[in-house]
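Student: The chain contents come next:
Protein chains: 8
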Amino acid sequence: MSEQSADLPAGVDTRHGIELDLGRGERRGYPEAVYCEGKTADQVGRIARLVAEAHDESCEGTGSGVTLFTRARPEHAAAILAELPDAYLDERARLLAWPPMPPEPTGGLVVVAAAGTSDQPVALEAAHTARFLGREVESVDDVGIAGVHRTLARVDLLRSAAAIVVVAGMDGALPGLIAGLVPAPVVAVPTSVGYGAAFEGIAALLTMLNACAPGVAVVNIDNGYGAGHMAAQIARHAPPPTG
Amino acid sequence: MSEQSADLPAGVDTRHGIELDLGRGERRGYPEAVYCEGKTADQVGRIARLVAEAHDESCEGTGSGVTLFTRARPEHAAAILAELPDAYLDERARLLAWPPMPPEPTGGLVVVAAAGTSDQPVALEAAHTARFLGREVESVDDVGIAGVHRTLARVDLLRSAAAIVVVAGMDGALPGLIAGLVPAPVVAVPTSVGYGAAFEGIAALLTMLNACAPGVAVVNIDNGYGAGHMAAQIARHAPPPTG
Amino acid sequence: MSEQSADLPAGVDTRHGIELDLGRGERRGYPEAVYCEGKTADQVGRIARLVAEAHDESCEGTGSGVTLFTRARPEHAAAILAELPDAYLDERARLLAWPPMPPEPTGGLVVVAAAGTSDQPVALEAAHTARFLGREVESVDDVGIAGVHRTLARVDLLRSAAAIVVVAGMDGALPGLIAGLVPAPVVAVPTSVGYGAAFEGIAALLTMLNACAPGVAVVNIDNGYGAGHMAAQIARHAPPPTG
Amino acid sequence: MSEQSADLPAGVDTRHGIELDLGRGERRGYPEAVYCEGKTADQVGRIARLVAEAHDESCEGTGSGVTLFTRARPEHAAAILAELPDAYLDERARLLAWPPMPPEPTGGLVVVAAAGTSDQPVALEAAHTARFLGREVESVDDVGIAGVHRTLARVDLLRSAAAIVVVAGMDGALPGLIAGLVPAPVVAVPTSVGYGAAFEGIAALLTMLNACAPGVAVVNIDNGYGAGHMAAQIARHAPPPTG
Amino acid sequence: MSEQSADLPAGVDTRHGIELDLGRGERRGYPEAVYCEGKTADQVGRIARLVAEAHDESCEGTGSGVTLFTRARPEHAAAILAELPDAYLDERARLLAWPPMPPEPTGGLVVVAAAGTSDQPVALEAAHTARFLGREVESVDDVGIAGVHRTLARVDLLRSAAAIVVVAGMDGALPGLIAGLVPAPVVAVPTSVGYGAAFEGIAALLTMLNACAPGVAVVNIDNGYGAGHMAAQIARHAPPPTG
Amino acid sequence: MSEQSADLPAGVDTRHGIELDLGRGERRGYPEAVYCEGKTADQVGRIARLVAEAHDESCEGTGSGVTLFTRARPEHAAAILAELPDAYLDERARLLAWPPMPPEPTGGLVVVAAAGTSDQPVALEAAHTARFLGREVESVDDVGIAGVHRTLARVDLLRSAAAIVVVAGMDGALPGLIAGLVPAPVVAVPTSVGYGAAFEGIAALLTMLNACAPGVAVVNIDNGYGAGHMAAQIARHAPPPTG
Amino acid sequence: MSEQSADLPAGVDTRHGIELDLGRGERRGYPEAVYCEGKTADQVGRIARLVAEAHDESCEGTGSGVTLFTRARPEHAAAILAELPDAYLDERARLLAWPPMPPEPTGGLVVVAAAGTSDQPVALEAAHTARFLGREVESVDDVGIAGVHRTLARVDLLRSAAAIVVVAGMDGALPGLIAGLVPAPVVAVPTSVGYGAAFEGIAALLTMLNACAPGVAVVNIDNGYGAGHMAAQIARHAPPPTG
Amino acid sequence: MSEQSADLPAGVDTRHGIELDLGRGERRGYPEAVYCEGKTADQVGRIARLVAEAHDESCEGTGSGVTLFTRARPEHAAAILAELPDAYLDERARLLAWPPMPPEPTGGLVVVAAAGTSDQPVALEAAHTARFLGREVESVDDVGIAGVHRTLARVDLLRSAAAIVVVAGMDGALPGLIAGLVPAPVVAVPTSVGYGAAFEGIAALLTMLNACAPGVAVVNIDNGYGAGHMAAQIARHAPPPTG
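Residue numbers (this note's numbering), protein chains in the order written: chain A, 66 to 308; chain B, 66 to 308; chain C, 66 to 308; chain D, 66 to 308; chain E, 66 to 308; chain F, 66 to 308; chain G, 66 to 308; chain H, 66 to 308.
It should be emphasised that the hints constitute simulated quantities derived from the structure, not laboratory data. For clarity, every value in this text was computed on a predicted model and none was experimentally measured. A virtual CB, placed ideally from N, CA and C, is assigned to each residue, including glycine. Wrong hints could be hidden among the right ones.
What the hints assert, rightly or not - Cβ-to-Cβ under 8 Å is the rule here; a few derived chain E residues that face chain B: (1) Thr182; (2) Ser257; (3) Val258; (4) Tyr260; (5) Gly261; (6) Ala262.
Stated by the list, open to error - Output of the computed footprint for chain G on chain H, the stretches with three or more beta carbons under 8 Å from beta carbons of chain G: (7) 102–112; (8) 275–288.
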């Protein structure tokens, strides 16, 4: 094994689709993403340096070259900020973005709804992802099924969306409730919030897969990035919100 | 093992609490129940004959001696009707009762709500059980979470209940929705309705155990009898419905 | 419980969102759907009659009033055809539609890809659903991961899609492979095809939830209807295919 | 997303049904509850301040405005006590209440039975909840199934209850044993006590769902709050204990 | 593969320990057993013929050469009876034995307790096995935990046992209850009796593994043979019952 | 979807790697395989005809063109034999091969060991597969762990193997035992033989994955074809057996 | 709840059967046991003081009053030693006993076999328990199935046992191997040793429940105390070892 | 139990097959291995000393006596290096080897492919194991299924292998992709990399067991040692790579 050549492609994580020579045209406007969780701070720092260098060389003058760093622990964030001092950081969402400004939004509106306070970190990851992928995003909090009037009070906003991300732990019932009220597709994100028979998000995951209303599809537990990405793709061709 | 003595107590099933010498006073008004599923038609028929004989001897003149036969397949029903020709039979609920009339209702109102058409057999088992245990029962159908306006349209009835049984398969979200709207406790019954990741009722069971609203407790999958029994117990001391 | 009034709303299944007074405007163009699996042939037949009557009264002159019947066994199909003799029937997909012609397609292209022969019934259910919901649909078969060159040979078609449904059992790896090759979002459908540790679709479901490429969301095992519906929603605002 | 407006409703947790504009009349007498586990100490502290302010404004002169804080870690407790210095705190139960006195009890007796020493924190959470919801509560400890004579020795107390909460880990057999001895409904709480094949409470949960005696319904693992709430609802209309 | 030589050892099943050249001395008095379930009637018939031939040759004059056939379906039973017409058959237990008489009992008493009617086939398999392995056996039926007074009424018999087999489905709580009352070890057999969250015996299995009383060990679900064998081994050296 | 073009690639199953234009050179000597289970008899019959035609055209004079049909039910077998009347058929293994003669063996010896009678169909599928892939195969039956002397008696044969397939259900302990005795790698096949906590092969699968001896790798439950294929690949370059 | 009266019975743990007024005669010779894991050091210390006091009062002159403390962490051990300074302590087994000497052994020999080094703590807990319950105990280590010759080398010792405890993690195959070699019953203890698909002992547990040899029964994962107790009960009436 | 004699064989772990008197001839050339995870640093240090002493005595002049230490935490490594100061250590792989040089490679090429950065520790363990077992090893990194072109770019190397180890977490799809491209058998290693529904490697494990291409067998989650060992065995008789 040649350590040198192995390290660079290893640093540039394949999970989030950094595709240098294939598919670039098709994906223009979608930021690249680096999943930090399985990497050392050192590895993440070297990727950040690569990102800085690549930006200098090839992306000049375009706004599309945003790179996201997801699931960044404090030591990851520090390593990234050492290379990209002006990067955008949301600690609750454990997400960084560089360059730090999202592109001018295009396409339809993405609404991100969270059932409870504890679901907010995942909801923020989804919202930031969709925003840096070029969509306008609105957030709705605390619209859990136990207080259905709160959800009903936001129906107008929900119906104006081109794509809706619904984040919920515990019983995970919110996506099915919302999907029954709106024309847009719902990307459901189960969270590991809850205890006992919540089984780290399995209960919410199963609820969402069995949602009675059509128009719900599900991503992995706590996968705010994936949900935001999918929502941005869905809303890409929709007309912009009229509000 | 003495076959003769073994058969009689075997016929009189312990599962549903036929208590001849203990607790009789405390349970007055609650019908006895025979769970047919694990028994042969012949065994069930002999129990029916015992019930007829016991009634002749000791329960004369009282309405409280109703016996329920649950989970009765057609051959069970035939064997029971051979001994108790005037027994009440609901084939969809797979339930028989004898004597065939429920007692005059006392206590508060029990409402039985079913999420979908396929949940009705279990809901009927719950409703009959509560009725033969001495409660007034109202049923509400097709109030699934995908059409929340239907549930909201029945809020007045739901709020008048002293106990509510909510029967739901698939995502099992209905009990949590209803519990957030009413003051009465909710007995939730997951059903094995659904497919794929519904896992024969496990998804609904987990959803109900994780319901975000307080005031929900859960019985076994498809256990309409248990839910109806629990609801009748809960509503026992409540004032009768005013409607 | 009043049997008469209970039966009608039971016949009109809430699962697939027959919404008579709410949300109609938002959902225009999406056909209603009746999930047959938990119902008797008699119940389904009565729903078919209702559909016929409702169509005569209110939907005259529009093409949008298509009703889908999903998961129809032969006895269901017979009961429906007795009421709606010209209904469209695909026995492999266990699906009927009436009126029998899909609307003129609008929006972007939906591609439905199936990994193997045994996945075709579910893929057909998805394809018919999207078509009757108003999209143009192309199907791609036998593009499993064990013969990756077959998938690569269809990349141009896949890249022209606005939404892609990928149906796969066994290892369920195909959606992740395709999502890495295209800009459109992928709706993944695990099927119960396989044996042993495939666990009736659980293995494929987990694979899809863990897909390494972003842009994948998952519906319930064997839920072709849900996937087709979601894909039609996604492709709604996309430009029509240029081919 | 507007951070400011998002924070307040986020702080006011929907899980325990703080309903400001709906259902207040129906729920009078039931204290509000704040689930601390998924929140920061700072968030919980801000809620405590809101509670103090709301009490000053609107609940003057009534005893019904008790707020419960459940699953409070020491840092949560400190943040709450900083705002509500006279709040009641039970560290073992991880519960605080303010105002610190439960209302004068009404309704029937709630008995809380715990199988073992390790089940006591959950049992205490249930007992406090029922007490602050307005019921008289009696506790019974160490009545596990391995020493059945201990349970039998307490039968008179158990039979005087209008609702019984039974808390048990490991084999979870106690609720079924008690339900066979009493006329009142049993709310069963599995605990995560045990090891190996206890699977963090799953074994006890399954045992309780399969209890052979009718009259048992189950809440989530370790959910003492939910059980106490349900028991208080059940006992609401029962006559007060005669002892 | 040589079909001829393969068939004979295949017929003589290794699962139940037919050991021709090893351990014979240590196992004297324990009958051999043939597990029929995975075999064709033809294979089982050929084994029965071998048993007959081997008996003629070598076991003359001893009572110890009993062979058990377990899990025999009717076609298995017919094939065995064709070769061994005087074999003992209990259809409910699905068990045959030949020669048809158990040996004169030695050692201590084995008690087999069954919780419910549906558990009797497994209990009978256990009882017959222990009896043909040379122990005196007493059976106790319908002593489920929901009617604890029934169990208490049999305490004297239970305390006289040298080994107790307890057979229970559903909540599986009976072994723990009995083990807390007696000095003898309890071999617990979960059965697949029950529904829903009984999960084909898993709930009972977990309950038994988590029994709060020491002195309980568990065999596979529905494994009456294994439990009877183990109990016979345990009671081997105990003094005979004094009754 | 064009039915015509869809049917042919559907008929030619991708699962077993019929690769017409890629990888042919690398795979020479390995027969193609058609997995029948998810296909209709009609579909399988059409594939058989394609196989016959392709053989006539391109494989003349070589022995390498053997096609296997696995998991063939009787109706599949009939449809294949209608097209390929001289095909080899082993009903117990549910396998057909055409042309009906395996190639002259090359490479090292493959030994296939089965723990019990019920494991033989899977063992036969493995043995036939390895033989038709060009290896010499020896079978060993009834060498389960409960009679370890039987395994020890075959150690010489086991040690002469270049690859060993070990097939076992129930406790699945045999592969670990054998791997500790031999230098060759062991391909372990769990079978769905067993009951109760065998969980359709899961117990055996887990045992094999946790085998204490190195040199064990596992294929799917009941996957005799996969194991035989893997063993043939492993033994490919080994010296032929000297016996 | 009366704290004072609640504390004492809470301190005296019911799990290990401290039975003061029932069953004492039947259990003579079996030490009492206190399960420390769910208790605070303070609670355990108070129990130790009770044990000291009770001993002074009532057990004078007898050796049978040994009390075991199991699953004791260092702080538990310190609290116990503060009250009972001469208690026996084995830190690896996390077990204390007081009075510190086991009684003179009676009954048959108990052999405790451990598969690997990591299984030794559980094996020691079993061995100490059996010894303090009054049996002679021999230990056998490192007899895993991957080196079957080691087990065979100890067959004479194993065959001299009246009861055998077999402790194994990972694949858990050892109990089945040993049970096939000996006449005594085997109490199998799965341990949580292993990784990945060992699933904290589930793999070993399932293997043991599916052991092919009769004469194996299983206790909870890591439950050395339960296994030692059961083995002591089994060996109670057996003749003492002749060696 | 004799502590002294127990300690030494306990130190010499049976899991990795240190066979002193059996099978030595058959295994020549395979290094011994010590699994450190369940052992104390002290126990591992004593084994290291034994290894040093045994080497001095018996293995002089041969290169085959390499011993591997796997799953070594830093304290294990320190204890080993204290005895064997020149041992080879790879901290990422948590592996040590002594003597520190692998033998001169024989047999065919082993390729170790890792899907992502986080899979590298397991891949390194596999690569080192195969190398110290005497094979030439090549590593390929970052060839996940989401970027299939990367895998295709390495097809020539993959096709030159005699055995391929494929290491992947998350969706675990890579082994099936590679097996469809090459003639060599694939040993698949699921890793615990991932989150949520990855379930600590279960998702990847199931994917690999259900791989659509034949020629894949699976080892335990994260078991790089087992995979490298199996690959070395497979490649043993293959011709050396020609490159």
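Student: Could you run down the list of hints and mark each one as holding or not?
Tutor: Going down the list of hints, with the structure as the test:
1. Thr182: Holds, because the Cβ-Cβ distance from Thr182 (chain E) to chain B comes to roughly 4 Å (cut-off 8 Å).
2. Ser257: 10 Å, violated
3. Val258: Status holds, d = 6 Å.
4. Tyr260: 6 Å, holds
5. Gly261: 3 Å, holds
6. Ala262: Holds - the Cβ of Ala262 (chain E) comes within 8 Å of chain B, reaching about 5 Å at its closest.
7. 102–112: Check passed, 4 qualifying residues.
8. 275–288: Holds, because 4 residues of the segment 275–288 of chain H bring their Cβ atoms closer than 8 Å to Cβ atoms of chain G.
In the structure shown, a violation is registered for the earlier hint numbered 2 alone.
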